[in-house]
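**Q** For the record, the sequence lines run as chains A and B.
First residue of the first sequence? That's 738 in our numbering, and the numbers climb one at a time after it.
First residue of the second sequence? That's 122 in our numbering, and the numbers climb one at a time after it.
Just so you know, these hints were derived from the structure itself, not from any lab.
Don't take each hint at face value.
Below, a sample of chain B positions facing chain A; criterion: calculated Cβ distance under 7 Å [claimed, not checked]:
hint : residue
1    : PHE132
2    : VAL151
3    : PRO223
4    : THR225
Built from N, CA and C at the ideal position, the CB exists for glycine as well.
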Amino acid sequence: MDDMNAFERQVAGRLQHQAGPVGPVDDLAVFDAVTAANRQKGWGFTMFSAAKFIAASAIVALFGGFLLTSILTQGEEVLPAAATESPSPTATEESAFPTGTFVEADSGYSPRLVFRDDGTFQRSIIGTHSADGTYAVDGDLYTELTNNSDTPGGNAPASYRWAWDGEQLRFSASGVDEDGYRRSIYTEHVYVMDETSDLLGGMRRLLLSDPRLDMWVTVEVRERDDGRYEARATVDEEPLGEGVGATLQDAVRAALEALGEPYASDIAESVKG
Amino acid sequence: MLTAAAAGDEFAFRRIIAAYHDDMRRVCRVISGDQTIADEATQAAWLIAWTKIGKVYGEEHLRPWLVSVAANEAKKLMRKRRRRAEFETVLESSGEPGGIDPATGVAGIDLDAAMARLDPDDRALLAMRYVAGFDSNELARATGISPSGTRSRIERLLKRLREDLRDG
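Excised from the complex, chain A in its bound form (with noise of 0.2 Å):
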């Protein structure tokens, strides 16, 4: 242990080398520049500037007679069935609601959103929040039904009208949604798939758990020409186990050998499909 404290001391100092020395921060200098290119992104104005809100009013005062509308026609309805009334753009009969991970098409990393087939969901933006839950898809509306956050007003049910053309995923308001964090990340961003973490070559990728464990498990799963299916698990990145079985269950409980019973076959008989 001590050698490997001591390993851990070197790497510790060969980091502090690398990241070169502490300096002073001429924090108006970066202030400066910041605000200089966020202008030249096309506002033309800082944004908290007084033309900017007057812009901001401008959207929200075209807008908001809609949304009102939208609202005082949903009745008493907490999770309004599928609606006649201005269905989104691109969401027809014949499109399915996506299931994969999306992330924010501008960063390309975040806010990140994962919808399963099973019907859960995850939620996050890197490093500030995430939430899990599970959620409903009626025609164009989609409901978070339940979730763990601890934003307030975050754990009640809430719908939005999505809208998928294939490339872009996109929500907007239905109703009243007292989380404003949870709104902000539904209506103020556009999503793509995030093509290297889902359905890649047939190949479906789960994040599991088990309330009991503080870890989340990457699990891939693909069925094989033969009919059977094969996983292969993995903790942050590193292997955990692979497994061979008749039911995708089969597969995943095999691949979570490790991790003990009853953790393998509980997480495996929540992976539906």
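Using the hints, position chain B against chain A.
**A** Positioned in the frame of chain A, the structure of chain B alone reads:
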């Protein structure tokens, strides 16, 4: 400070810059091995922060969020510029005298080379831990892994480095 900055208080935002800029820049330097990329990534991160700081949920999330944004910008720049080969060259040429640590028997220059072979995500994790001094909770917020997961991942990284040096 966070609330004020999110409300548009420019002085509050500048105080945040003064407090965290160095952490961000130094972590990016370790990830990329390139001072130019580190500076550009940090500047890009501040631009993102300027427009999105209002979405940070709680003061305790601020530093992990800023550093993770900067780290991601560094990785994006690295991908764009395909600097991996250059990265290794830079590290080798910029290393301090790679003397052997008597406590470990490992030469510093060999350790630098082993760390250069790590994935950028792994270097980011080590940099956040040992350069920015993140604790497990901050690492968890920055990476999306559980606190215990970050601890075990760092242990595995150290073990892998040790084995790499032994095998090498």
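**Q** All the hints need checking, so say for each whether the structure fits it.
**A** Structure-based check of all given hints:
At its closest, the beta carbon of PHE132(B) sits 9 Å from a beta carbon of chain A; the interface hint therefore is violated under the 7 Å criterion. Hint on VAL151(B) holds. Least Cβ distance to chain A is approximately 5 Å, under the 7 Å limit. Hint status for PRO223(B) relative to chain A: violated, with the closest Cβ pair at about 9 Å, above 7 Å. Below 7 Å, beta-carbon pairs count as interface contacts, and THR225(B) has one with chain A at about 5 Å; its hint therefore holds.
Going through the hint list in order, the structure does not satisfy hints 1 and 3.
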